[in-house]
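> Mapped onto numbering that gives the first Met the number 0, the consecutive letters of the sequence shown carry residue numbers 0 to 131.
A hint or two may mislead.
[What the hints assert, rightly or not] PhoX-like cross-link-like pairs, simulated, lysine-lysine; straight-line CA separation at most 25 Å:
1. 46 <-> 20
2. 20 <-> 31
3. 46 <-> 31
4. 31 <-> 18
5. 46 <-> 18
I should point out that these hints are in silico values taken from the structure, not numbers from a laboratory.
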Amino acid sequence: MLYLRSGEISSLATQTIQKYKEYIGVDWELFKVNPITLAEMWGLDVKFVDLGEDSDIMGFTAFNDMDITLTDANQSDITLELSGRTIVINEALTRGCAGRLNFTIAHEIAHHITPNIQRKANRRLLQLHQWQ
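Work the whole structure out from these sequences, hints included.
Written as structure tokens, this is what we have:
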């Protein structure tokens, strides 16, 4: 099972906040992070698509270039052209709780920035297996 040690999570969080502060040009303590700016910092494109209030989809991530067809809030099929650096967010979240919107964007960002740590964890497991 892959997992991240608490020290690895803390290190990633510290590095991300430092990178974000440099990206927006501040050197003081941050009290609020704009998740869209954070996505831009990581080179990600955030697309808002109105999938409706009742959609099971709050957001998703594309890791490869792809076209995907979804049903929008008007029950019309729409086709999205996505790059491998795209996060799609249900626009309905912008009409509700800002916390849910921010969490969803941050959650999708995490899918893009944690694969490097997962590769390190795989190497650690491989080294442990070879040692035995």
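> Looking back at the hints listed earlier, which ones does the structure fail to meet?
none
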